[in-house]
Amino acid sequence: MASGYTDTAIANLALGHLNEKTIADFDQTGNSNARWFKTNYAHYRNELLSLYPWNCARSRVLLPEAAEKPAFGWDYAYRLPEDFLSGIPIYGDDSTEIVVEYEGDEVLTNHAGPLKFRYIKRLDDPAKFSQFFINCLVPYLALGMAHKVTGKNSYAQTMQLLFDDAFEKNTALEDQQNTPLEALY
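So for the sequence shown, numbering that gives the first Met the number 0 puts the first residue at 0; every next one is plus one.
Because the hints were derived from the structure by calculation, they are not lab data.
Any given hint could be a false lead.
[What the hints assert, rightly or not] Taking lysine to any residue pairs in the SDA-like style, the calculated list, with each CA pair at most 20 Å apart, reads:
#1 K115 with K127
#2 K168 with Q130
#3 K37 with T5
#4 K120 with R59
#5 K127 with K20
#6 K115 with S94
With the sequences and hints as input, model every part of the structure.
Put into C-alpha cells, the structure is as follows:
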C-alpha cells in the first residue's frame with residue numbers, strides 16, 4: 000500500500016521531532032535545514048533501506064549469466080541490477096540457500112543461470128514507502144541532523160532512543176506480514 004507521503008513531508012516530520020520549523024522543499028537555499036536535507040536525505044534513506052529487507056523495497060529478477068566468467072573461485076557471474084542496494088538470501092528450487100559472493104557490480108556463484116535473484120532496491124518514490132519504513136526513516140533523519148541543528152547532544156541521544164524503538168517495533172511488524180523467506184521457494 001502506497002504511503003502518499005512526499006520527501007518534504009517526511010523531512011518535516013523529522014524536523015518536528017527536533018522542534019524545528021517546517022520547510023517548503025529541499026531547494027530553499029536560504030534555509031540551512033532544507034540544504035541539509037538536499038545534501039543528506041538520499042544517503043540516509045538508502046542507508047536505512049539497506050539495513051533491513053523492507054517489504055516496500057524488495058524486488059526479484061531473473062539475472063542472465065554475465066558474458067565473462069570469474070577468473071577463479073566461482074563458475075558464474077551475474078551483473079547486479081542498477082537499483083541494487085543489498086542482497087536477500089537466495090534459495091534454489093530445492094529450498095537450499097545458494098552460496099554467493101558480491102564483488103563490484105556482480106554477484107558470483109556456482110549456481111547456473113538464470114539466477115532467481117532477490118534484493119533490496121533503491122526506492123526513490125516516497126509514495127511507495129511503507130508506513131513501517133516511514134516510522135523508522137523519520138527518527139533516523141532526525142538522529143542524523145540532531146546535533147547540527149540543535150547543537151545539543153541530548154537531542155541526538157533522544158533521537159537514537161526513538162529510532163532504536165521504532166526500528167525494533169516496525170521491523171517486527173514487517174516480519175509478521177511475511178512467511179519466512181526459506182518457505183517461499
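- Task: Any hints from earlier that this structure breaks? Give me their numbers in increasing order, please.
- Result: 1 and 5
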